[in-house]
Every structure is written in C-alpha cells, then in structure tokens.
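Colleague: In case you want the letters, here they are:
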Amino acid sequence: MFGQLIVSGLAVGACYALIAIAMVIIYKTSEVLNFAQGEMAMISTFVAFTLLETHQVPFPYTLALTLLFAILLAIFFEIAFLRQAKDPTVLGLIIITLGFEMVLMGFVGWKWGPDQRALPFPVSNIEAYNFYGLFISKINFWTLIVSLVLMLILFLFFRYTKLGIAMRATQQNQLAARVMGIRTKWIFSFTWALSSMVGAVAGMLIAAMGVLDPPMMMDPLLKGFASGVLGGMTSLPGAALGGALLGVIENLFGGYISLSFKSVVAFAIIVLMLCIKPSGLLAKHYVKKV
Amino acid sequence: MVKKNLIFVGLLVFTFFISAPASAQAVRGVTDTEILIGQWGPQTGPAAPWGAVARGTDLLVKIINEEGGIHGRKLKYFLRDDSYMPAKTKAIAKEFVEQIGVFAVVGGVGVATGMTARDYLMENKVPWFSPVTGVYEWIHPIQKHLFAMYPLYDDEAFNLTGYLYEKLGFKKIAMFYQNDDYGKQGVMGVERYLLKHKIKLVEKVSAEVTDRDLSTHALKLKNSGAEAVIMWTMPTHAALILAETAKIGFKPQWATSNTLSDSALMMGITRGLWTGMINSNFAELPDSNHPLMVKYREAHKKFAPQERWGVFYYAGMAFAEPFVEGVRRAGRNLTTESWVKAMETMKDFQGIGLPVTYAGLKDRQGGKHVFYGKVKPDGNIERLTEWIKITK
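Each protein sequence line maps, in turn, to chains B and Y.
Start counting the first sequence at 1; every next residue gets the next number (this note's numbering).
Start counting the second sequence at 1001; every next residue gets the next number (this note's numbering).
Calculated from the structure, these hints are not laboratory results.
Where hints are given, some of them may not hold.
Each computed DSS-like pair below joins lysine-lysine, with the alpha-carbon atoms no more than 25 Å apart [as the list claims (entries may be wrong)]:
| id | chain 1 | residue 1 | chain 2 | residue 2 |
| --- | --- | --- | --- | --- |
| 1 | Y | Lys1251 | Y | Lys1171 |
| 2 | B | Lys111 | Y | Lys1301 |
| 3 | Y | Lys1251 | B | Lys138 |
| 4 | B | Lys138 | Y | Lys1220 |
| 5 | Y | Lys1302 | B | Lys111 |
| 6 | B | Lys111 | Y | Lys1088 |
Residues from chain Y that face chain B, not an exhaustive set, calculated with beta carbons under 10 Å [stated by the list, open to error]:
| id | residue |
| --- | --- |
| 7 | Ser1206 |
| 8 | Leu1214 |
| 9 | Leu1219 |
| 10 | Gly1268 |
Glycine included, each C-beta is placed from N, C-alpha and C at the ideal position.
Assemble the whole structure, with the sequences as input and the hints as a guide.
Modeller: Rendered as structure tokens:
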C-alpha cells in the first residue's frame, strides 16, 4: 500500500505541479496571483472538447488550436482588463483576476451547460501500467512525463533565453527593465500567454483523468496554489517539487491517518509554510528596502 | 372640532371598507387567472446537473397551461438558481414569499439548501411539496404544509443492501459516500441492515464534495476485499471512483442510489464503466412506453428540445405531478387549507414517478417505493423488479 500511495501521489502531484507552474510564471513576472488560472484552463479544455467531439478534429490539431485559443484568451484578458486598470496595485490586479474567473465560469455554464462530460483523449484513464505490482494509469504516467518535459523547457527558457531573462528582469524591477530597453507591456502579455498555455495543458490532462465540467478546476487550483506556496512562488523547480510533495503527503495522510481530513492537508501546508518559510522551499527570500 | 372628528371617523370607516375585501381574497399566489409557484435549483456550480429537475418542472407547467390550466387558472412558474448554496436558497425563499408571493414551493434540490428555507416557509404557512432529497428532515417533525415524496435514503439504502445481500448473495459489502447529510443517511440505511444480520461494512470511505483525487479512496476499497460496493455520491465522484478502481484492477459489483439513475449521463462520463451498475429508480425509465412518458417526450420535443431527455430532467415532472393533482382536487376554491386537505386524502396516486399516499397529519412521507434496475452495455437500464415498498 505504501508504494502505491507514493506512486499515486506523484501522479496527482504532477497535475498540481502544472497548475503551480502556470501560477508561478505570472507571479515571477508581475507578483500577481492569477485566481482565474483554473477557469482559463477550464474554458480552453471546453474548446478542446468542442473541437474533438463536435467537429471531430484530429487530436494534434485540436491541441494546437486549443493552445492558440489559450494564448489569445490570455492576451485579451491582459490587454482588455489588466492593462486598463488605473494605477494598479498588486491587490487590485488580483481582484480583477477574481472577477474574470467568475465571468468565465458563468460563460461556460451558459455556453456548454452544467452537465459533466468525458473529454475524448488519446491516452486511456482506465488502463494502467503495472510496475512490479504498482499501478500507474497511462494518463497519469504521461502527465508525469509531460510535466517533467515542460518544466525542463521552462527552466531552460527562463535561464538561457533573452526573453526569459527579460521576464525575470521585469519582475525584479519594472522601471529598470524599461530603461534597459525591455518592452515590459509585451513581456506581460507574453507571460500571460505562456502561463495560459501551461494551464490549458493541465486542464486537458485533468479533464482526461476525470470529468469535464465547469467546477473541474476548483480543487486542482487550490492544490496548485498550495504547491506553489510549498515550493516557492518564484521558483519553477520549487513549484514542481511542491506539487510532487503535496501529492505524496496528501496520499500518505489519507492512507494512514484520515481520509476525511485529506483535503485539509493543502490548507494546513499553506498556513504552515507562510508561518515557517514564506518564500517556500526553493525560492530565495527577498527583503525589499524602503 | 366636530367636523375634524367626523372626517377622522369617515377616514377610518373608508379604510376599513377598503381593507376588508383585500383580506377576504388574500390567498397568496392565487388570482382569478393564475397560480404562482416557485422552485430553486442549482443551475450553476458543482451540483448543476441536478438543476435539470427544476427545468423539468417548467415543462410540466407548459403542458398544463397549453391544456388550459387548472379550473380556469394557469400556472405561473418562477425558477431561481441557488447554485447549491444555502445562503442563496434562503434569500430565494424570502423572494418567493415577500416579493413574488407564491402559492407554493414545488421541489427544490438539496438538503442543506432546503433546510435554510424550511422553517421560514413553514412559519409563513407556504405549502412546500416534495423537496427533491430523501432525508428525514422533511418529515421529522411533521409539518402541516410540508409534503415529502422522494423515497427516504435511509430506507432506500437499507433495502438496496438487502437486495445485494439476500438476493445476489454478496456478503462482504463496502460503502463509498459523500461526507454530508445525503451520504450519511445512505450509510445509516446500509449499516442498519447489516446490524440486523450482525455483520459490519468491510470498509467505509467518504469523499468531500470538492475532492477530485480519489486514488487513496480506491486503494482503501480494494484493500477491504469487498465483493460489492454501495456508493452514495455525486455523479463526478461516481465517475472518478470507477476510473480509479478500474486502474488498480478492482472490479466489485457496484450499486447506487436513485440519485445516480441517469444512466445516459453516467455511461458517458464513466466511459462505459457504468455497465453492470445496480441502482434503484424513482421514476419510469427514459424509454418507457407509459402513456404519460410518451406524452411528455412529445412535449419535450415541442417545448424544450434543447434539454437532454434524462432522469434528472423528467424527475422535475414526476415530483410535481402530485402537487398539480392536489390543486385539481382542491377545486376552483383553491386555498392553502383546501390544497392541504386534498393532499392528505391522496391515496396511491401515480404519474410517471413512484406511487404517492398520504394519511392525514400522521404521515407526510408520500413516496415509499422504488424499483431496481441494472445498466446494460448500451446504457439502457434492464428493469429487475416491479415497484417495491421500502418504507413501512
């Protein structure tokens, strides 16, 4: 049982990690917590569903079109709402994301209705690989792989590409970045687009594992946020580690201590980390000079 | 001075005559041409699939109005979305009574939601027919204006366990349930039956409404060695637990409540894993040839083609039919009293749902029957039994 709990924990942790990474990308650049992340991923997944189910579009094209939709949605939100905010504070921007989350939730309910659906997906969520008696479903296995690959790409992107470095510079000092010739407005749009793409991938994987319905991202978003806090909201490897740890801790808690209180573990971790190490496990703690 | 007094007295008399006829005709929500009724239901949020119930009632209202109404009055129906949030339900109940002024509330999905409105409606003597959940809160204590119809979860679970244990021979039974009143009353019924036979559940696993990862739950069920698992959950959790248990190669006989009897929906979201599910039913099957079902299906095509014809949808008709029958029996002189009297003498009334009988003020649980079905690979349900009485 112990081994299976660890494997299942890592598998679900990969989903948390993807959501955490999507949140971290935005937070790294603008210090904004995007509470619309879940619903942006959810609406992208509904678009994928419509393409696959209604229009019978082959999966690779669906994936490309869904990611394109996610990019456009994020850029639209950034330009139409966030950029229009007058003298925005971080708190003000966070509130705007909360409002956008409600708009998206309402729109999806109106457009696609409340019924649960199954997202047609090329990888089965029922069939499993058996590693020496430990089961991992095909979809969970591929989620792990996708998460690791995405993390690696993003890590390399932020560390070694000019755009990645520009994004980090924008987060550290927007004014200085602008003085150095970085077009910070476009950096923000790009950040949102990148985050939305990662979120869309997470949304599709999560829907393929379970069911597709408007509230499907409520729980994963909370867990993703907890993972980010655990690993560090400014650290991509931290977010990944946070996701994996949270998945495993939750499963072990549910398996050996109490299943009823399993869902409280994420909240407890948020509170504990904020008390003990607010910057998270892998992020550096910056103290701003006044 | 005398003149002033005369004017004052005159005004008093005038006011009296103005107000007297108003109180005489004051049957809230009943006019010469209309009867106002209301229902809340989750049209958004995690329980939204059950919101189809409230929209189903709308179809029944349209059918009745097209046929000319009841005793010269048409039904005017108010549907409000409470998102399955108790605070909203209470506000809706107040709107129904204080702003719209409905004659009655019909249906209403949810235990916690309905509980916030129950006492308020009863204090205001607003008839409430058939909250769409089967819990004791609607009949204990007995309330004059509250008539329950939905079969009790406790009795349903008790009898379903008996069906698995005695009829199908499963001795090791586990339970997977939602950690709230709905799920707990299911557990109550299962444990009550097993206690009678001096055995225990081999495992009892609960899930919170918002949980999306059920891998640990599945593992616990598998390790219990259960031959049959009874589930008392929302559709999402049912789909998730079936997928999780299938992954780890655990395939017991599953059985569930009538709340998950929409097999078309469940087959879709479980990607076929719903096949073989045994569940109880409170209404005719979707493809039934019952004359009323044929009539309703036709009306559905005409009035609400955008709706999916599923159990949750036509449950909204099944749980409103006896209310309408009560209005018919009350006659043209419809008052709260005449409707209550008509309901109290209802015996074995049956539309497309379970038979309904009330016995004066002693018994407000009208629905006491279910039948069992088994889901076939094509998603249709094979009827296993006739209507079985589950509440003594």
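Colleague: Would you mind marking each hint as holding or not holding in the structure?
Modeller: Hint-by-hint comparison with the structure:
1. Lys1251/Y <-> Lys1171/Y: This hinted pair holds, its Cα atoms lying about 16 Å apart.
2. Lys111/B <-> Lys1301/Y: Within the cut-off at roughly 21 Å; holds.
3. Lys1251/Y <-> Lys138/B: 18 Å, holds
4. Lys138/B <-> Lys1220/Y: 21 Å, holds
5. Lys1302/Y <-> Lys111/B: 22 Å, holds
6. Lys111/B <-> Lys1088/Y: 23 Å, holds
7. Ser1206: 6 Å, holds
8. Leu1214: 9 Å, holds
9. Leu1219: Hint holds; Leu1219/Y Cβ to chain B Cβ min 6 Å, cut 10 Å.
10. Gly1268: Holds. Min distance 6 Å.
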